[in-house]
Each structure stands twice: as C-alpha cells, then as structure tokens.
Amino acid sequence: MDSDGTQDARGTHANPVPRPAVPQDGSPAPQDGSPAPRESPALPPRPALPPGVPPLPDGSAFLSWLRTPRPDAAPGVWRFGHRPRPAEEPEQAPARQLLSGAVIAFLVGWLVWSLLWNGYLGGWWVLPLELFTPGSWRHSDNRVGNAVLWYGYYTLIAVAIMLVVGRLGRWGEVWRRFGPPAWSRAVQITERPPAPEEDPAQWPQLRAAGAVDAAERLGAEARSGLMRDVDLARIARAWQGVRSGRHSLAAFSAAVVKDGAAACPHPSGARDLPGRQARHDLVTGQVRLGATADDPRNPYQYRGSGLALGPELLGTSLLAVGPAGAGKTGGIVRPLAESLSLHALAGRACVVVVGAAGAGLGPADAYDVVVRIAHPDSVHDLDLYGGTTDPDEAAAILAEALVGDLADPHPGSDSRRSTTVLAQLLGPFRAVHGRFPSVPELRRLLDGTPGPLAALRKAVQEAGQESLLRELDARERQLGHPGDVGAVLADRIALLDRPAFAGFFDTSGQSRPFSLKALDHPVRVRIDLPERGHADASRILARLVLAQFTASVAVREDRSLFACLVLDDATGVVTPESVRGIQRLRSGNAGAVLTLRTLDDVPRPLRGPLLGAVGCRMALSGLTPWDGQDFAEVWGKEWTEARDVTDRQIIAETPAGKAVHMVRRVITGKAPTARAVTVRQVERERWSASELAHALPPGHAVLSLTTVRGEHAPPLLVDLRG
Numbered sequence: 001m002d003s004d005g006t007q008d009a010r011g012t013h014a015n016p017v018p019r020p021a022v023p024q025d026g027s028p029a030p031q032d033g034s035p036a037p038r039e040s041p042a043l044p045p046r047p048a049l050p051p052g053v054p055p056l057p058d059g060s061a062f063l064s065w066l067r068t069p070r071p072d073a074a075p076g077v078w079r080f081g082h083r084p085r086p087a088e089e090p091e092q093a094p095a096r097q098l099l100s101g102a103v104i105a106f107l108v109g110w111l112v113w114s115l116l117w118n119g120y121l122g123g124w125w126v127l128p129l130e131l132f133t134p135g136s137w138r139h140s141d142n143r144v145g146n147a148v149l150w151y152g153y154y155t156l157i158a159v160a161i162m163l164v165v166g167r168l169g170r171w172g173e174v175w176r177r178f179g180p181p182a183w184s185r186a187v188q189i190t191e192r193p194p195a196p197e198e199d200p201a202q203w204p205q206l207r208a209a210g211a212v213d214a215a216e217r218l219g220a221e222a223r224s225g226l227m228r229d230v231d232l233a234r235i236a237r238a239w240q241g242v243r244s245g246r247h248s249l250a251a252f253s254a255a256v257v258k259d260g261a262a263a264c265p266h267p268s269g270a271r272d273l274p275g276r277q278a279r280h281d282l283v284t285g286q287v288r289l290g291a292t293a294d295d296p297r298n299p300y301q302y303r304g305s306g307l308a309l310g311p312e313l314l315g316t317s318l319l320a321v322g323p324a325g326a327g328k329t330g331g332i333v334r335p336l337a338e339s340l341s342l343h344a345l346a347g348r349a350c351v352v353v354v355g356a357a358g359a360g361l362g363p364a365d366a367y368d369v370v371v372r373i374a375h376p377d378s379v380h381d382l383d384l385y386g387g388t389t390d391p392d393e394a395a396a397i398l399a400e401a402l403v404g405d406l407a408d409p410h411p412g413s414d415s416r417r418s419t420t421v422l423a424q425l426l427g428p429f430r431a432v433h434g435r436f437p438s439v440p441e442l443r444r445l446l447d448g449t450p451g452p453l454a455a456l457r458k459a460v461q462e463a464g465q466e467s468l469l470r471e472l473d474a475r476e477r478q479l480g481h482p483g484d485v486g487a488v489l490a491d492r493i494a495l496l497d498r499p500a501f502a503g504f505f506d507t508s509g510q511s512r513p514f515s516l517k518a519l520d521h522p523v524r525v526r527i528d529l530p531e532r533g534h535a536d537a538s539r540i541l542a543r544l545v546l547a548q549f550t551a552s553v554a555v556r557e558d559r560s561l562f563a564c565l566v567l568d569d570a571t572g573v574v575t576p577e578s579v580r581g582i583q584r585l586r587s588g589n590a591g592a593v594l595t596l597r598t599l600d601d602v603p604r605p606l607r608g609p610l611l612g613a614v615g616c617r618m619a620l621s622g623l624t625p626w627d628g629q630d631f632a633e634v635w636g637k638e639w640t641e642a643r644d645v646t647d648r649q650i651i652a653e654t655p656a657g658k659a660v661h662m663v664r665r666v667i668t669g670k671a672p673t674a675r676a677v678t679v680r681q682v683e684r685e686r687w688s689a690s691e692l693a694h695a696l697p698p699g700h701a702v703l704s705l706t707t708v709r710g711e712h713a714p715p716l717l718v719d720l721r722g
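Under full-length UniProt numbering, the letters of the sequence shown match residues 1 to 722, in that order.
Worth flagging that the hints you see were computed from the coordinates, not collected in a lab.
Don't be surprised by glycine CBs; every beta carbon is placed ideally from N, CA and C.
Any given hint might turn out to be false.
Claimed, not checked - Here are the simulated distance ranges between beta carbons:
#	residue 1	residue 2	range
1	D295	A535	31 to 41 Å
2	G636	F106	48 to 58 Å
3	G612	E466	23 to 33 Å
4	R559	G81	29 to 39 Å
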C-alpha cells in the first residue's frame, strides 16, 4: 500500500500526479514526460520541528510536541498549548484602588486589635472563653497553662480579625496580581505524561483495531527520531481511508510495518518542505499568523491568544485588503501556501498558488508543478481550456477570462454573448481537428477574416458534420454588427498572442500542459504570472485560473481533499461570475485566498457581494477611509455601554464654604466640581472607517472569521508580527 486513495487518477492511471518541478536529489526534471520513480528517496535532512521545540536526535522533542495538549477553542485560536481563560472576564479593580483598599483594611484591623488589647472596648470579647472553659483553667496556679490558654485565645481573635479585614481589603487578589503567583505565571508547567492507553505516540486507535505491529513500528520510529509531523499527518490520513473502507487493514498494516514512518508516501516522495518559515501544527491543521492584541475591543476569550487559520476557516474563503508593504504576501499568502503544501504532502489537500514571478511564494522544489508563463525554461505549460473536452464549458471558462471584467454585473450582460460566440467556433474546430484551437488560430477566427472561417467551413463539410454549419452561419451573420463582441474577444486574445507567449498554451500535444482537472490529487502547484510588461495578460490569466478552479472543484469525485486557490493579487480578477463561483466553493470542500491593495480594484457594484461571499475578511493597516467604510458596513453594529460624565461646578452659599473652596482651588488649581455619570446602551459600529484607516498600528490587521460549520468570530485586532 503506497497511497491513501486520494492519489489515484480518476478512473484511470494513465495520467499520474505530476512529479516535483525540481526533484529532491537536485537532479534535473525529466523532459520526456516520464514519471519519477515511486521508490522512497533517502531520508532528507531533519526538518525544523514544530513551534518552540529544539531538535533532539532521540525523538524526545517530537514526542513532547505530539503530547502537548490542544484543547478546543474559539475559531481562529492557536490551539497548540492553548490555555483557555475563564468563561467570564473577572472584574479588575485598578491597582491604585486595590492597594489603597488593602492598606486601609490593614489599618482598620490594627486599630480594632489595639482597642481590644488595651481594653477600650470592654471585656465582652472574652465572654466566649468564659462560657466554654472551666474557671479552674482560667484561674489556676499553672503559669504555663494560663499563658497557653490566654495567648491561644488572643491568636484566635487576631486570626479572625485578619480574615475579616483581609476579605474586605481583597488581600487574596493583591497576592495573585502582585505576589509570587504573578512572578511565576510565565513559567511553563510540565504536563504529566499521558497514560499508555491515552498516549498518541502509542497509536491507540491502531491497537484498538488490531494493528498492534503497525502501532509498535510507528511508536519505535517516533522514539528514535525518524518521524516528523508530516509523517504523522500522512499516516493518520491513510488510517482514515482504512476506517472509511477505501483500503484494507491488512494492506495498511503491511505497508507501515515495512516502511515505518515513510509508509503511504506522497507521489513526489517528499516528506517535508525545504526552509519552513511559519509555525505549523499538523495535528490541528493550523498555521499561526500572529496573535490577537490584548485590547478591550477584542472579546475577552481572544485577548493575548495566538491567531491561526486552517482548512475549516479557509473553506469559507479569505479576502485580505491592504496597501503595498502591509505584509499580505509575507505575512499571509506565504504561510498559508506553506501550510497547504504540508497538507498536500499529508494527502489532505491540493493547492494552487498564483502570483507574480519573484513574489516570494516559496522555492520551486516545494511544489510538484511550477508553471512559469512567458519563461523559456518552464517545464510545464498551462492548459488554456482547463482540460475539458466540452466546447460549451471551454467557451464559458475562456469568456470569463477574456471579458469577465467588462461584463455588466446586472442581468443581460455581454458574458453570455461572449460564451455563445466562442462556442460557435470551438465546437466546429474540435469536431474537425480533435482539439481546441491554439491562441493564434483562435485569434484569426475571431477577427472574422474570410480565409480562416472558409477553411473551417470546408473542413466541417468534408468531415460530414453538417449540423455544425449552423454555428458557423450564425457567427458569420453576427460579423460586422455593432453589437458583435467578437472584436472585443479578438482584442483580448491578442494580448496572449505575443512573442513572449509563443511557446505556451499549445493545444497540439507538443508541450506538458497542466490542467486543474488534477485537483483530485494532493498536488502542489505554483503559477508565475508575467506581470512586468504584460499586466493585462496577467489579469486575463489570473481570471482564467480562477474560472478553471471554480469549475473543476465543482465536479470533483473525491471531495475529501481540501482544494484551495491562493491568489496573491486579485486586481482585475473579481467579476460577477467569479463572485458566484466563490460562493459555491464551500459546498465542494474548497476555498480561495484573495489579496487586494484596495477595494477600488473591484467594481463598485461587486464590492458588497464580494465581501458577503467570503467568510473571512481582513483589513490591514494603511487602509483608506473609503475602503474602511465598506468593511465597517459588512461588519455591522453592536450594542455597547456608553458612559457620559458631567462635571458641575459647586457654588458655596456660606462664608465658610467659600473659604474652603478658595483653599481647595489654591491647592489643586481647579474649582470644586460634582461629577454625574450617565450609563446608557447605544448601537455603534464594531470598527468605524476612521478607526480602520487611522487607528491600526503598523503590522496589525482587523480580521473576522467564519468556519464551514457556521461559527463566527467578531472582528479581531491582530498583531501579524506576534
């Protein structure tokens, strides 16, 4: 058994998952299209272990990481080692008030004791001693006995006074906030070792199912330092396949006993990513992005906790908006791409990362496929038609890429007409040639020149496809009409018919095109767009990838794999159809991560639908006030307590009062006033546009979260550097 069932091609093994763009041993990738060998490579260097754990050769660091508690928490809380706060926020008295109250209570207790000791309060306080002890004890000649009796009673009275005044003065809270408990609060508490039947390093679920030999082998690998977090997640994923019935227990056990922690490998053979930068926890599937600020505007249970995202949140899609330099790529896109790539190595996810060439989205050997459009050394090409054989589907995807940004967001737009025009050409061409037209061929057909259309008509007649002549007749009738969108399509496809793209988008079978139909596999893909000198073409290609992604995930057979598209810059990508596609991703166990410099890059009618389509919304520091207004509207308002304080000057009526007021004014420099406090409930914006634009410190963001199960987290102030 060398896979967990998520790595087999759909219905056939003729098209395996693409191998790494750069093999792990550093040798050049095969140019003849032959697959890489399935044998596991030599053990790569030991990766960086999970957060805060120094590498140890005996596996103790891995075991400590594995046994760290991960309690359930609110959405977005970093669960690794998390310690939940009390259910309700304790009422915190100001330190000055707390300490002064404690001192006053002590002085009151000392005064009471002095009065009792000196007899100023009479002898009633010795009545209990006289009632419950015989007179021979109190008046005996034994001086030691009398001393023990009376001084013991005095001590009891003193302790009672201390307990009363200590409770009134809140000495216990003073001790907790300023005493040794506060000094040692930062010290990590060593967790007790788990019982063998509860120890995850002993694989109790395998033992319970009868796979004792496999559990013993995995436990030995963990103790010897040969297992890492990716191995743990990958084997756990394979075990899920056994429990669901996709694989037999015997095959799983045999593979684990034979290969140990290297069992059930990813098709690439990789067991980790080179040069990890973010903090990951593959037990919970989270990647840490920062920490929530200890700010009154944050809910109490979130303050000071780590902030992390996982598939349960990315499944509702994420939109991050912030200016250049706000940390979108380095603080959000790169960690998420790294996390999803680790999930892909574990057989849990597939990821497509799209960005400008040189954007820093990870090294090439961290991906299985790297498509470098307009780069002559690119091993892989991009399938212009998304791997489909249906002309109507191909026309819809290509129309969205070419003119989706020009479509009117209201009904009756040109998007459907563009799809019709492309279908009128793609259908006959494929029927004759068995493939879709290349970019130069499609451009000539859209230009409407008589030669290419006449040649296509003749080929259709010779092929006996007379039924398709009606499509060409309709195309020829529309040529030259004022409402014909063929000219617009020809102008847009001409942006891809440039010398820099001459070796790309080939449909003749001479290149190695990558199709997003491969999202049934745990594949890692990076697509580099040629922004420099080809900005318009890059936007067309970004829309093309997004359209192909939303179309592909909707028809996947294996939806147990989480599919995610990470788009580093979504400028010019948001269209009416893409917004509808993003809304449908959640039901297909998929999500998208989009970043924008400003919401002005989105047409005004689409800003509200876009913010409503995504479940996770992030506003980074440096946002403009008009962008902040859109976020403020989508986050809505909440009821809060408003306190109005009014100072009224006190007017003295008597000479003595006036003298006192004069002395007070000389001492304090202020006139005597009386303060009136009014408390009322008001409805206010959670975050106003002004606060989002001017009150966010550098490196911070405001983030709201929604899980695929419908759990919500209100807008949180987050330190992305924490």
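Starting from the hint list further up, note which numbers the structure goes against and sort them upward. Number 3 - this is the single hint that the structure violates.
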